[in-house]
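K.L.:
The primary structure of each chain is shown beneath.
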Amino acid sequence: MKLTRHLLRLLALLFSFALIAAACGGSDDSSDSGGDDSSSDSDADSDDSDGESSGGDTISIAIVAPSASDDLAFTQSMIDAIEALDRDVDLQITDGTFVVDDAAAAIRGYAVDGVDVVIAHGTQFGGSLAEIAPEFPEVTFIWGTSSDTQGLDNVFAYFPAADEGGYVNGVLAAAVTETGNIGVIGPVEAGDAVAYINGFEKGATDSGDVSVAITYTGSFSDVALMAEAAQAHLSNDVDVLTGSSQAVVGAVGVASENDIPWFGTQANQTSLDENLVVASQVYHWEVVLEEMLALRDAGTLGGEAFEVNLENGGLEIEFNDNFELPDGAREAADAAIEGIIDGSIDTGA
Amino acid sequence: MKRLLGASVPLLAALVAFLFGAIMLLAIGASPWEGLKALLDGAFGSGDRLAATAIKATPLVLVGAGITIAFRTSVVNIGGEGQIVAGALLSTSVALAVPDLPVIILVPLVLLAGLVGGAILGAIPGALKAYASVNEILSTIMLNIVMVQLMNYLLRGPLIDPLEVEAGTRIPQTERLSDNASLPNIVPGVRLHLGVLIAVLAAIAVYILLWRTPLGFRLRAVGHSPDAAKAAGINVKANVTTALALSGSLGGLAGAILVFGSEGQRMVTDGSSAGFTGSAGFNGIVAALFGNLHPLWTIPSSFLFGALLTGATNLQRVLQVPAPIAIAINGIVVVFVVSSGRLREKIDRMVEARAELDKPSAPNKPSSAQASGAEA
Amino acid sequence: MSDFFTMSILVATVASGIRLATPYLLAGLGETVGQKSGVLNLGVDGVMQLSAFFAYWTVLETDNLFLGSIVGVVVGIVMGVVYAVVTVVFQAQQGISGIGIFLFGLGFSDLMFRRQVGTPRPANQLPELPIPILSDIPVVGEALFEHSALTYLAFAMVPLLAFMLRSTTFGMNIRAVGENPQAADSLGVSVAWTRTFAILIGNAMAGLAGAALVLELGIFQPNLTAGLGFIAVALVYFGAWRPAGVMSGALLYGLVAAVVLQWKAQGIIPRGASDIAAMAPAVLTILALVILAGRVQAPSALTRPFSRH
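Listed in order, the protein sequences are those of chains E, Y and D. Just so you know, the first sequence maps onto residues 3 to 351 in our numbering. Just so you know, the second sequence maps onto residues 48 to 423 in our numbering. Just so you know, the third sequence maps onto residues 4 to 312 in our numbering.
Calculated cross-link-like contacts (lysine to aspartate or glutamate; reagent style DMTMM-like; alpha-carbon spacing at most 25 Å):
| id | chain 1 | residue 1 | chain 2 | residue 2 |
| --- | --- | --- | --- | --- |
| 1 | Y | K284 | Y | D274 |
| 2 | Y | K277 | D | E182 |
| 3 | Y | K393 | D | D188 |
No lab work stands behind these hints: they were computed from the structure.
With these hints in hand, go ahead and build the complete structure from the sequences.
P.N.:
Here it is as structure tokens:
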């Protein structure tokens, strides 16, 4: 009796699925791609680049990314880069897929749809890509951050020399601090965050007698914990802060409240505080994307890894003009950039 | 006829839930029809997609079956996330330690390691509850937090891929694990691995355990009434610990299957447990309760949730709607369908009452008002 | 590297612990009221996220922190009405429907944020309101009496709720329907209405917890709570369904987290051990309960729907 009830309940649900499926099947005359529906406000259709287009065909690009496309950090840096490309792009976005299997399904789906280029914007997607890429030899996969292509010849890889911008930010921070104490907040001691933070530490300590205190909270997402980590730094006479990960927005709030200068990374974070964000290291992936697409046009679908760095313009330090730097700071930063480019400065990476 | 009337309630509930979803889709300017089509197409549209749905359902079946053991013993297990991670970490360590064993030995070995890892993490809250009166809801939630940090520590430290250190990229992931540990496909040409079969067998095993073995009898006796069980000479404390250990072991097995059935063939963290588990530790609870805490019903109910989850990914990809809308719709479906249960019982009762009025001689039926809820 | 045992550091650490504890306390107190009436609510985290978003959005648009807090509470109450309909009227399983509410809150707040705000933008933060006289007490004053209004409110709720549960008719009704709904019903207490009001109080406080969290930070992000609501539920068990007990749990959790952050900032905890140290609040909460735990029974009708038939 009870069992039949359960059975009925499940059957009912299955039945409802089937019903809907049948109903949909009936009206199934349109193609599968509702991609031009452009409902999401973060959608980057080709409108922006229409005027300045270098001509030629529209290229269809799909991106699968772990966080939101407007996160002011990792994912947004890539979306901005695609929008900045000098060609017509039909862009489709699947964001917020931090579960590797879900991302793999999306990557495969785009490849099946026949998209020209699929960007797998997360290191953790590499394993899935190694399985998927060989199945779709006509599709170019762009994967990062990674410094190798896993030997796949239709995969381009990209990675940032985050330590370089970190170093420059560190030099600036050493010039800005008055107490000689600089605070850094990171998520988990891994990946880009480590490169940025280690570069920052080296830049600061190379250019002055300052102490750099580094806190890894253990979470990429706990905004409140990041904020309190910043507070903990402040109670130790820290008067300059920086940090990495999407959760730093909480720490920037603490900086704002206490008039503490802040250094950003991954995207320009000036919008978080018009006056106190001194400078941000910004990733300009478009520099290497252009190279990859040019190679694709010439018939090479992958097989190369690209680094964005200060030298090729893929990394840029964007200053906030509202913040008045002390004398000589800008010059010191420029000298550091020059030194990194000509190799005379070791960022410790 | 009256059956049909009762059964139509959850169906209606599901339809109303999808109606809400449709309104949300309309509100952000997407077509609900296209949305449903994308959802169903993503879940059932092809052999590979069906396989993806089955693979998504696999950890839910295992966690769900484990949940039934715990709940039938009247202990709550919200520690699925931590138990999955524990099983994954132990099995990954084993595969890293002895990568060269032949497939026939290594695959069972990593699965066993998963079981053991999960069992350890289940036994801790079990023993804490039995011998130190620490509420298991508290300890399992807290242990989830502990395991996330342990995973992050191990994957960026002792277990990290040496190449990541060498290249300076320091991605918190292991090296590519031995192919000998990889779960073989059970259907040639379709990405449907052994783990799916193991999960179904495990759920059947849980059914047999609970209803066909002395241990299962003792567990259910403890679940029914600890005092009566004690009076009957059953060691309540040991059985509570056993229940949570068994429950955890299935979560751990799910963890091992997630690692060795994945395309990536390595363990990687994004700093959260959900990034690895896909929240299977929580979704498994929903699947188990949806299957009325019966291990066998957990199988189809997990499959349905697996379909919702895989369909949602496709929904986002095809319609370009933000991913969170799918999460919100899933929540609405859960709320509506679970709410419909009692309404259906009421309608059933009304129909029965009407029938009894028609036939006054019929004996009074006992009401079916017993709570079908878990003793959470 | 500075010294941990200096007054200014200790004061800052305690203040930080109290700030961290506030949302746990508000949400945990609300959950306590609900559970006392026999209703488990696993949806707290989702309710907090919804309230947090709407409170943040309100402040972003109006710059009115008071209005933002009210909106947080109202959103909590709206979700409370939904939860009451689901669990009291339809008598659905509480564990599973709570998770449904959680999923809805997680998804819908994220969706609304993307549609209405998009990129994180800073909003006004709750100001510190030093309490006159009390905040002038050396050391203690700065640590305890220079907080936001919502923090004071959270701690003021502890004796208020304890009194309500112990000594008012409504409180006794709540406990009665949580322990033995049949008996309460036969005495003429409306189980359905008592549970509904308990749920509304609980959700209103979860809403306030979301508002307190987001307005202290001044910024919203998808999944802002990062599981905070589930920890708040766990703390109800730590506190053995007593408001003061829940407060102890929230303070323990918040203070340990604050001490860990302080020791990391000072380099007392080496960088390589950052994740191990981050386990501390969870581990110490379990250990504390191992040492302190008595045989406290949950409300006996917890999670059991009541029906007269």
